[in-house]
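S.K.: Each chain, written out:
There are 2 protein chains.
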Amino acid sequence: MCVEKTPWEQVTDFHGHTCPGIAIGYRVAVLAQKEMGIRPTSDSELLIKAESRSCALDAFQIINKATIGRKALMIEDTHQPIYWFHFAGTQELLKISVNSALMKRLDSSHPGPLSPREKQNRNLEMIQLILTTDEEDFCSLERVPGVLTKG
Amino acid sequence: MCVEKTPWEQVTDFHGHTCPGIAIGYRVAVLAQKEMGIRPTSDSELLIKAESRSCALDAFQIINKATIGRKALMIEDTHQPIYWFHFAGTQELLKISVNSALMKRLDSSHPGPLSPREKQNRNLEMIQLILTTDEEDFCSLERVPGVLTKG
Numbered sequence: 265m266c267v268e269k270t271p272w273e274q275v276t277d278f279h280g281h282t283c284p285g286i287a288i289g290y291r292v293a294v295l296a297q298k299e300m301g302i303r304p305t306s307d308s309e310l311l312i313k314a315e316s317r318s319c320a321l322d323a324f325q326i327i328n329k330a331t332i333g334r335k336a337l338m339i340e341d342t343h344q345p346i347y348w349f350h351f352a353g354t355q356e357l358l359k360i361s362v363n364s365a366l367m368k369r370l371d372s373s374h375p376g377p378l379s380p381r382e383k384q385n386r387n388l389e390m391i392q393l394i395l396t397t398d399e400e401d402f403c404s405l406e407r408v409p410g411v412l413t414k415g
Numbered sequence: 265m266c267v268e269k270t271p272w273e274q275v276t277d278f279h280g281h282t283c284p285g286i287a288i289g290y291r292v293a294v295l296a297q298k299e300m301g302i303r304p305t306s307d308s309e310l311l312i313k314a315e316s317r318s319c320a321l322d323a324f325q326i327i328n329k330a331t332i333g334r335k336a337l338m339i340e341d342t343h344q345p346i347y348w349f350h351f352a353g354t355q356e357l358l359k360i361s362v363n364s365a366l367m368k369r370l371d372s373s374h375p376g377p378l379s380p381r382e383k384q385n386r387n388l389e390m391i392q393l394i395l396t397t398d399e400e401d402f403c404s405l406e407r408v409p410g411v412l413t414k415g
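One line per chain: the protein sequences are U and F, in this order.
Quick note: the first sequence uses the numbering used here, first residue 265, plus one each step.
Quick note: the second sequence uses the numbering used here, first residue 265, plus one each step.
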């Protein structure tokens, strides 16, 4: 039987592993997809600028179809978990900022060394937290006037 | 019936369109895959450095599974069609340089303006040339001592 992969499976297959970073990207990408809606014109391309160089980028390449090769995904590294979405041809940007309290919680190191099994469990706990926490605890959304330029 | 996509279909689906740039990437990626062989150890990751920021990058993300999010694909833009492949943990690099005569032929602009149909036909001719030209006319391969560092 042929079962189509879920979007989450497509993302983690492409990324090559499952980690908190790709879970953040997945949740941001799905939120952006919902918020941005369908493309305003047939030739309007979705452009994304990420303010951090992280695993999250791979989710945007799959879910939002903004690839690095097509220059639709741009990186301007300020080390902030901030992502900008823009339909070329419009004058509006969607800014998604992942909650800094959540990022701190993810970054906090566990006291003492962890066994591979403990590490894996901690990883899974973090992914579950990222994917299930309430939206207002996950990120803030803002719409601002502006454009992104491909390149 | 469920028919699995060919590698070329997987690449062009991911990239979002078919163009000479993605055809170059596809051919380089497949060549590299053949030349690099299976990974020397189970945890040895394939790292790639591209010397140009082009459509080709998307082929490496699909065929060689070196994604930008995982930092396995790096870009150091010298505007040259040169691609470096390295298995982490080894001391050897594979360098693939696309033939400059071929690149010139692709870059040469057509005299006079083209209709959308003529443009599409020219695109398809170029893709066919890239995918079918003899390997020695497509690129040169070189193995040199060295490493790539992720990041």
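If you're looking for bench data, these hints aren't it; they were derived computationally from the structure.
Don't take each hint at face value.
List of simulated lysine to aspartate or glutamate pairs, EDC-like, C-alpha gap at most 16 Å [unchecked claim]:
no. : chain 1 : residue 1 : chain 2 : residue 2
1   : F       : K383      : F       : D371
2   : F       : K329      : F       : E356
3   : F       : K335      : U       : E340
4   : U       : K368      : U       : E389
5   : U       : K359      : U       : E389
6   : U       : K329      : U       : E356
7   : F       : K269      : U       : E399
8   : U       : K269      : F       : E309
9   : F       : K359      : F       : E389
10  : U       : K414      : U       : D307
11  : F       : K335      : U       : E399
12  : U       : K335      : F       : D371
13  : U       : K414      : U       : E340
14  : U       : K298      : U       : E389
15  : U       : K329      : U       : E309
16  : U       : K368      : U       : E406
17  : F       : K359      : F       : D307
18  : F       : K329      : U       : E299
19  : U       : K329      : F       : E389
20  : U       : K335      : F       : E340
21  : U       : K414      : U       : D371
22  : U       : K359      : U       : D307
23  : F       : K313      : F       : D341
24  : F       : K414      : F       : E356
S.K.: Report the numbers of all earlier hints that the structure fails to satisfy, in ascending order.
M.R.: Failing hints, ascending: 2, 5, 6, 7, 8, 9, 11, 12, 14, 16, 17, 18, 19, 21, 22.
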